[in-house]
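Peer 1: Sequence:
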Amino acid sequence: MANTFASDAAEFDSTAMVFGQKRRSHGIVGFVKSVSERFAASRQQKVDAEVGRFIESHGGQLTDDLERQISRRFGSSAGQW
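Sequential numbering from 1 applies to the sequence shown in the working numbering.
By construction, these hints were calculated from the structure, which means they are not laboratory data. Hints should not be assumed to be uniformly reliable.
[To be verified] Listed next, with one range per pair, are the computed distances between beta-carbon atoms:
(1) Gly75 <-> Ser34: 41 to 47 Å
(2) Ser34 <-> Ser71: 27 to 33 Å
(3) Val29 <-> Arg68: 39 to 45 Å
(4) Asp65 <-> Gly27: 48 to 54 Å
(5) Gln69 <-> Phe31: 35 to 41 Å
(6) His26 <-> Gly75: 32 to 38 Å
(7) Ser71 <-> Ser42: 20 to 26 Å
(8) Phe54 <-> Ser34: 28 to 34 Å
(9) Arg72 <-> Arg43: 15 to 21 Å
(10) Gly75 <-> Val29: 25 to 31 Å
(11) Asp64 <-> Lys33: 20 to 26 Å
(12) Gln61 <-> Lys33: 35 to 41 Å
(13) Ile28 <-> Arg68: 40 to 46 Å
(14) Arg68 <-> Val35: 17 to 23 Å
Cβ coordinates follow ideal geometry from the N, Cα and C atoms, glycine included.
Input sequences plus hints: build the corresponding full structure.
Peer 2: This is how it looks when you write it as structure tokens:
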């Protein structure tokens, strides 16, 4: 799980703090949630890879026009990266 770090200095030092620790669910609910999150992460990785290939096949540089094409082609799933 990802944690969020905050610091009042440019580098992390003794003032760094951890926020947002999530509690794990137990039992069947936790299992189903875990499996669901893994499926969603796997799908997102596939979409990210496909968008990356699309960008590379169109010159490798993200432009306003290419961004519009990506939105049309991949819909809302591409907007999460």
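Peer 1: Does the Cβ distance between Ile28 and Arg68 fall inside 40 to 46 Å?
Peer 2: 43 Å Cβ-Cβ, so the 40 to 46 Å window holds.
Peer 1: Determine whether the Cβ-Cβ distance between Arg68 and Val35 falls within the hinted range of 17 to 23 Å.
Peer 2: violated (35 Å)
Peer 1: Using the C-beta atoms of Val29 and Arg68, is the stated range 39 to 45 Å upheld?
Peer 2: holds (41 Å)
Peer 1: Could you check the hint for me, namely that Gln69 and Phe31 are 35 to 41 Å apart, CB to CB?
Peer 2: holds (39 Å)
Peer 1: Would you say the C-beta atoms of Ser34 and Ser71 sit inside 27 to 33 Å of each other?
Peer 2: holds (31 Å)
Peer 1: Using the C-beta atoms of Gly75 and Ser34, is the stated range 41 to 47 Å upheld?
Peer 2: violated (26 Å)
Peer 1: Just tell me: holds or violated, for the beta carbon distance of His26 and Gly75 against 32 to 38 Å?
Peer 2: holds (35 Å)
Peer 1: Look at the Cβ atoms of Phe54 and Ser34 and judge whether their distance stays inside 28 to 34 Å.
Peer 2: Hint holds: Cβ distance 31 Å, inside 28 to 34 Å.
Peer 1: Against the range 35 to 41 Å, how does the distance between the Cβ atoms of Gln61 and Lys33 compare: consistent or not?
Peer 2: holds (39 Å)
Peer 1: For the hint 25 to 31 Å, verify it against the beta carbon of Gly75 and that of Val29.
Peer 2: holds (30 Å)
Peer 1: Is the distance from the Cβ of Asp65 to the Cβ of Gly27 consistent with 48 to 54 Å?
Peer 2: holds (50 Å)
Peer 1: Do the beta carbons of Arg72 and Arg43 sit within 15 to 21 Å of each other?
Peer 2: Cβ of Arg72 to Cβ of Arg43: about 19 Å, so the range 15 to 21 Å holds.
Hints 1, 11, 14, counting from the list given before, are not met by this structure.
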